[in-house]
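Chain A is already provided as a structure; the job is to place chain B on it using the hints.
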Amino acid sequence: MVRPIAITGGRVVDPASGFDAPAMVVIRDRVVAGIGNDAPPADAEIIDATGLVIAPGLIDAGVFRADAAACHAGGITRVVLMPDQRPPLDDPALVSFAQQMGKPDVWVHPLVAATRGLEGHELAEIGLAREAGAVGVATGRHGIASAAVMHRLLSYASAFDMVVVTHAEDAALTAGAVATEGDYATRLGLPAAPAFAEAMAVARDIRLAEATGARLHIRQVTTAEGLDLVRAARARGVRVTAGITPAHWLLGETAVAGFRSFARLSPPLRADADRRAVADAIADGTIAVIASGHDPRTQEDKRLPFADAAPGMAGAETLLALSLSLVQTGAMTLGAVLRTMTDAPARLFGLAGGVLATGAPADLMLFDPGAPWRIDGAAFRGAGNTPFDGLPVQGRVQMTIKGGDVVWRG
Amino acid sequence: MDRSPHPAIAAGAHPFPHSHLLGIAGLQAWEMLFLLDEAERWVGVNRSRQKHGEQLAGLTQINAFFENSTRTLLSFEIAGKRLGADVVNLGASGSSMKKGETLLDTASTLNAMHPDMLVIRHGSSGAVQLIAEKVDCPVLNAGDGRHEHPTQALLDALTIRRRKGRIEGLTVAICGDILHSRVARSNFQLLTALGARIRAVAPPTLLPPDVGHLGAESFTDMDKGLAGADVVMMLRLQTERMDGAYVPSTREYFRFYGLTEARLSHAASDVLVMHPGPMNRGVEIDGAIADDIARSAVTEQVEMGVAVRMACLDVLTRTRRGAW
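Protein chains in written order, with the working numbering: chain A, 335 to 744; chain B, -14 to 309.
Chain A extracted, bound-state conformation (with noise of 0.2 Å):
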């Protein structure tokens, strides 16, 4: 028998019941077993968290590898993982096997890809890879270029009721490119592709998913103009959600200048206009779910010229300290920050983590809300390809509790 866990002097905030006030939670059997003031049981092994947060092991809504050292020390406890790996995720059996790799430390919850080597042709056996525990349909790193396949996708998966990630980007208008057209694409000479190329994507994909009833996710909306469709769309009841990563707010094209290929991001960053308006759609709801797009990277596929150099960013361990930063500024509450990031992802794939409550399973996190650190990717748990290196930021995880094991503590 395991001793239980109190948690005591910390302020609770459950998103998911809008809970949000200082009281002990306590650990029993791998479950919470009760959040409230009383006395702390007898036997109960004390954690004081005092001046901490204590909230919801972070749901991280598209990773592209389950990297569990930078996950615990970035408070998450579950990942969705895209099926964009090697070989990719069309198969029950590799969607099996990569539901059970991350276990116990780390719960791996993967997509399963839209179509066979996610080659945007033909269509994979989704029915057969949720029974194997994909909890939805992905297209990958791409969207899928044919209108047909994608309207058939749609309508498919709606009958499993299973969600479908998407990438949102015009194929043949983006081909080749690596950056947004604008000032800087022009005075680098970089091959780039108009900002709009992003919301044709995503007025074809809400129009198909608007046809089929299928319930579609659009795992990165980075434009005003995609967010305002998704805002229209969502308006008049298409089942249509959008998540973004921190880079699309806090970065700009700016961040390209000097060829810095850890700026190198798919979709590329936009202009100035584009990530304020991010910031205001993830305040207005119109983002529902904020995830790091964890992609890590090595020197031999970033150390290279802009253009050549492999998109993505490592993101895990600095998910939440990037996201507080709409609570600094005022843009928005603490629960509804964290929400983004716990129950909205485990509503849109009906994941049983993400909550604080009496009999949920005992994932959470302590973290300082306002411990000032700065990024530094080369101390990184994981890779450290990250386009903030050296930026201040504060919030700071203390402690990552999965399934009642103490698995990282600050």
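Simulated from the structure, these hints should not be mistaken for lab results. Please read all numbers here as calculations on a predicted model, not as lab measurements. Each hint should be verified, as a subset may be incorrect.
Straight-line Cα separation of at most 20 Å, SDA-like style, residue types lysine to any residue; simulated pairs [what the hints assert, rightly or not]: (1) B:Lys119 to A:Lys437; (2) A:Lys636 to B:Val120; (3) A:Lys636 to B:Ser93; (4) A:Lys636 to B:Glu118; (5) A:Lys636 to B:Lys66; (6) B:Lys119 to B:His99; (7) B:Lys149 to B:Thr235; (8) B:Lys119 to A:Asp635; (9) B:Lys66 to B:Gly76; (10) A:Lys636 to B:Gly76; (11) A:Lys636 to B:Gly108; (12) B:Lys119 to A:Ala591; (13) B:Lys66 to B:Gly38; (14) B:Lys119 to A:Ala712; (15) B:Lys119 to A:Thr632; (16) B:Lys119 to A:Arg715; (17) A:Lys636 to B:His99; (18) B:Lys149 to B:Ala117; (19) B:Lys209 to B:Phe239; (20) A:Lys437 to A:Arg715; (21) A:Lys636 to A:Ala591; (22) B:Lys66 to B:Asp101; (23) B:Lys119 to A:Thr384; (24) B:Lys209 to B:Asp255; (25) A:Lys636 to B:Thr55; (26) B:Lys149 to B:His165.
A few chain B positions that, by computed beta-carbon distances, are all more than 12 Å from chain A [as the list claims (entries may be wrong)]: (27) His37; (28) Leu44; (29) Thr235.
Beta carbons are placed, not taken as given, at the ideal position from N, Cα and C, and that holds for glycine.
Then chain B, alone, in the frame of chain A:
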């Protein structure tokens, strides 16, 4: 031509406080003028019978061209040899990059041979800067992707200044494939910094949308773009960009954007015609105009190219030679 130093240099500014020449961006106007004045000296030397100097004697210059080039490579080789450097050329076909070596490994290999000067051309924008961060010697960008080709812009400016006596106040029309051109990007920045008015003339498919931010006014009607121009600079249109990709055909391009006698009549009567070469006669420029020595500066550009490169090699190696 005797020129007094720029007021900034007279006031004590270092004439060229840079380790590398990676682009025109980042240079002050007086630094550009300093390089032009230095190049002016070499024009005379190059026309004399005794062309050999000793400034770079004992130094090793590597010309690493990861993208094919004949003219620019030859120009850099001659420039280095006339200054007395030991010049070694590395072509794309001779490099280990073909064998899968990364760019930075190649850079480390070159660096280990202790060159005193690296001249680099590469097909990717930013590649030369990346190498410059990794090596211990001055690096000169001989063209990187669509980004910059600083010595081409300098030789163009030198040619214009010698023919027109000035750059300030001139109207320069740069015509053709601006989207893919590093020559255009470097020239926009250099010529606007020196006070010229720049026009970008091209079909919309070959015109970057934000060319205005580089100081150029854009035109899709060539007659209007050439109206009153003092200098017309034609750019090469690569054949793979024709045939329906960016323009429908060679003949349609020549019909609307080729430099013909009729079109050139809209420019100033003493217009100077330039082309960075190699020319596609009958595609972007009428052969007769290219050959008209009164108006065409094409061969002079090649001559100025050697002088400009000698000046850049000399200036960039002065710190290690203790020659400032």
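Hints, one by one, checked against the model:
1. B:Lys119 to A:Lys437: violated, 42 Å
2. A:Lys636 to B:Val120: Holds, because 18 Å separates the two Cα atoms, which is no more than 20 Å.
3. A:Lys636 to B:Ser93: Holds, at roughly 17 Å.
4. A:Lys636 to B:Glu118: holds, 14 Å
5. A:Lys636 to B:Lys66: violated, 37 Å
6. B:Lys119 to B:His99: Holds, at about 13 Å.
7. B:Lys149 to B:Thr235: violated, 32 Å
8. B:Lys119 to A:Asp635: holds, 17 Å
9. B:Lys66 to B:Gly76: holds, 18 Å
10. A:Lys636 to B:Gly76: Violated: A:Lys636 and B:Gly76 sit about 25 Å apart, past 20 Å.
11. A:Lys636 to B:Gly108: Roughly 17 Å separates the two Cα atoms, so the pair holds.
12. B:Lys119 to A:Ala591: holds, 18 Å
13. B:Lys66 to B:Gly38: holds, 8 Å
14. B:Lys119 to A:Ala712: Holds - the C-alpha atoms of A:Ala712 and B:Lys119 are around 19 Å apart, at most 20 Å.
15. B:Lys119 to A:Thr632: holds, 17 Å
16. B:Lys119 to A:Arg715: violated, 26 Å
17. A:Lys636 to B:His99: Violated - the C-alpha atoms of B:His99 and A:Lys636 are around 26 Å apart, more than 20 Å.
18. B:Lys149 to B:Ala117: violated, 35 Å
19. B:Lys209 to B:Phe239: Roughly 16 Å between the alpha carbons, so the hint for B:Lys209 and B:Phe239 holds.
20. A:Lys437 to A:Arg715: Holds, at roughly 19 Å.
21. A:Lys636 to A:Ala591: holds, 15 Å
22. B:Lys66 to B:Asp101: Status holds; Cα separation ~14 Å.
23. B:Lys119 to A:Thr384: violated, 48 Å
24. B:Lys209 to B:Asp255: It holds: about 17 Å lies between the C-alpha atoms, which stays within 20 Å.
25. A:Lys636 to B:Thr55: violated, 31 Å
26. B:Lys149 to B:His165: Cα-Cα ~28 Å, so violated.
27. His37: Non-interface label stands for B:His37: nearest chain A Cβ at 37 Å, farther than 12 Å.
28. Leu44: holds, 27 Å
29. Thr235: Check passes; 23 Å lies beyond 12 Å.
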